[in-house]
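Novice: Letter by letter, the chains look like this.
Number of protein chains: 2
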Amino acid sequence: MSKQHRSPDQYPYPVFRIGIIGGGQLGRMLVKAARRIGCTCVVLDPTPESPAGQVSGRQILADSHDPDALQQLADQVDVITFDIEDIDVAILSTIAQRGHRILPPTALLAEIQDKLRQKQLLLRLGIPSAEFVAAEQPDVDSFARFGYPLVQKARRGGYDGRGVVVMRSAADFDQALPVPSLIERFIPAAKELAVIVVRGQEGEVRSYDPVEMCFRSGENILDMLLAPARLPAATAAAACRLAIETVTALEGVGIFGVELFLTQDGELLVNEVAPRTHNSGHYTIEACITDQFEQHLRAITGLPLGVTDQLMPAAMINLLGAPGESGPPVIRGLRAALAIPGVSVHLYGKAETRPFRKMGHVTVLDADIERAREKAEQVRSLIEIGGEQD
Amino acid sequence: MSKQHRSPDQYPYPVFRIGIIGGGQLGRMLVKAARRIGCTCVVLDPTPESPAGQVSGRQILADSHDPDALQQLADQVDVITFDIEDIDVAILSTIAQRGHRILPPTALLAEIQDKLRQKQLLLRLGIPSAEFVAAEQPDVDSFARFGYPLVQKARRGGYDGRGVVVMRSAADFDQALPVPSLIERFIPAAKELAVIVVRGQEGEVRSYDPVEMCFRSGENILDMLLAPARLPAATAAAACRLAIETVTALEGVGIFGVELFLTQDGELLVNEVAPRTHNSGHYTIEACITDQFEQHLRAITGLPLGVTDQLMPAAMINLLGAPGESGPPVIRGLRAALAIPGVSVHLYGKAETRPFRKMGHVTVLDADIERAREKAEQVRSLIEIGGEQD
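Going line by line, the protein sequences match chains A and B. Numbered per UniProt numbering, the first sequence spans residues 1 to 390. Numbered per UniProt numbering, the second sequence spans residues 1 to 390.
Treat the hints as calculated values from the structure; they're not laboratory data. One thing to keep in mind: the hints can contain errors.
[Unchecked claim] Derived contacts from chain B toward chain A, CB cut-off under 7 Å, selection only: (1) D9; (2) P12; (3) G38; (4) P304; (5) V307; (6) L311; (7) G333; (8) R335; (9) A336; (10) L338.
Note that CB positions come from ideal geometry on N, CA and C, so glycine has one too.
When you get a sec, could you build the whole thing from the sequences and use the hints?
Specialist: Shown next, in the form of structure tokens:
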């Protein structure tokens, strides 16, 4: 039986045992928060010494499609959560039916991990989002009929800009992804935003302030996050309301990253929802009283939610593996970057770098968000994650 | 050869390998900070699954007086540090002489771990501190000659209020500790303060703002810490200057907790110096940009020091094992405490509780320090760390 239904407010140590499917950096930061509040974690990941497995001390070496391994995980913990979306929900549902608690709920994961079903769900729930149609295979006529510019998104498995192609005109059709996908209206966004929302088991819901996602022009790779987003107060409040409305309509439990477009007309549209802790919420570790990882744990264990107040503006950049380098990582420019006031460096402990692999991130706090941004740019020009092999 | 002397600014992962003598909560929080900046840790502690060992993933099961184990630790790391003071400095010096880096320096630890030698050193260095004399054994006449009220302190092994006896008059002499000690003038302090100071290998030095240490009246157990201390700005600045002067005079490298008396006449005296991360600096995890643990690592690895700015006032209480209870811990009132806005709970993962054992701590952030204090008092009345055995 799950611990959280025992009244009185009394927990033998460990307070909860958390199972995490996926042992990447999100899991790693979740494990650290879990240990802090007296929880232990078991990580399921096929890579020995995964980033999360290193800190949890207990890892099941298997992938997220292995039914026996998932059952073994379930047997060892009070609640299962995940740091990846590419999970076999059929297996997970079976485990949930056997009485194991999985949060966010498996049924919701099934709807969200398929981007077409996610869009259809948002539409049914009345959440504003870009116009779209299903595209089982890329088809030059149906793309033309839908009209350019458009965005093709693979239904499954895309992340970090992979599985998404922006097509300005019919001339770009040769870049189409040969997979089941959807096509949606290209939104000429004034800004892209993300709002981190946490929702508890009894429906209590809170959001952090909107974060501004800056992309390198012409690329679909996130360049920098600014928290809070540089927005009029009314727009920021509307973004929070929309993100909260979305997660409430989805009946999510845990942390959700809600990505939004702010159109050039000032309209807010939901781009995508991630049913997990989110890259755009990493700044909360340094900048907020309760960070997104502890919030997620509080939500999935039924503990009260924490406050989302931000103490100081922050800029965040990802540390990606340098192009053309791989193998055991070599961190260049660390000392120079740490000499900049307000810089916090996070390295994920990955044994191998690859071009553009997420190897870490840096958060810069500064009372002035523009200065935070400038410092983050300085850090980006200083730190490079190279590899020992060329 | 130590990594830090390699120019250029380039580090193969792990950036540094840190050895930690002592696997308690200080070590645990140090390991978490170390992993964040890309360092790995090996912990030396005789207790299996020690708080720090749980998160480092690598622990040598031995005590700090075992020469072979200490050498084994030294062979696996780039730099050794400690989270306890009760270490055999003769063994450590031998290891240092073999070319292993140990920080803070062994010679300094030797002077500080003996409270009599520490007082003598402060005196030689011209650091203001309470008048004292050596007292190899308690002797009623010499105590009377020194004059009451006085404080008897054991030279070795005291911590958390143990090894210290306040004697108001000759009638208290029967409480005297039968060990080599010193006696010092009892200071009727207006406040007790702590200043966390970090000093780097090239002498760069920074302090956090002074923290106010509140003791339960009549007891020598720390009740609550308020950060920043409620002081006139000039007094706070003078406290920082004195603490910095002290650590500079000691030629310390790493984090030092400098405990001070503010006398009723407004004079500042150094009470004691701890050559390690300090209980009074735990609030820096939530309240400051760079916390005391990362600062310590930056200092002992030769990386640049971080900023010490505090983002919001904080109150901190220790979670001590409830009197009369022991065995596997049971945390009561956790849910109620977490429902208070701004509360962060830290549990140390100790397998057994004992009366007054440090099992965790709670930091409360609030824009108003008095409100932070009130919330911390509320938390103290809510959370209790019991044990499964009575």
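Novice: Hint validation: P304(B) versus chain A, beta carbon distance must be below 7 Å. Holds or violated?
Specialist: holds, 4 Å
Novice: Holds or violated: is the Cβ of L338(B) closer than 7 Å to a Cβ in chain A?
Specialist: Hint holds; L338(B) Cβ to chain A Cβ min 5 Å, cut 7 Å.
Novice: Double-check D9(B) for me: the hint is only fine if its C-beta lies closer than 7 Å to a C-beta in chain A.
Specialist: OK, holds: D9(B) within 7 Å of chain A, min 4 Å.
Novice: Can P12(B) be said to touch chain A, with a Cβ gap under 7 Å?
Specialist: holds, 5 Å
Novice: Mind checking the CB of V307(B) against every CB in chain A and telling me if the closest is under 7 Å?
Specialist: This hint holds: V307(B) lies near chain A, its Cβ roughly 5 Å from the closest one there, short of 7 Å.
Novice: Can the hint on G333(B) be confirmed by a CB-to-CB distance to chain A that is less than 7 Å?
Specialist: With a minimum Cβ separation of about 6 Å from chain A (threshold 7 Å), the hint on G333(B) holds.
Novice: Against chain A, run the beta carbon of R335(B) and see if the smallest gap drops under 7 Å.
Specialist: holds, 4 Å
Novice: Against chain A, run the beta carbon of G38(B) and see if the smallest gap drops under 7 Å.
Specialist: holds, 3 Å
Novice: Just to be careful: measuring from the Cβ of L311(B) to every Cβ in chain A, is the smallest value less than 7 Å?
Specialist: Since the shortest Cβ distance to chain A is 4 Å, the answer is holds.
Novice: Less than 7 Å between beta-carbons is the criterion; does A336(B) satisfy it with respect to chain A?
Specialist: holds, 6 Å
In this structure, every one of the numbered hints holds.
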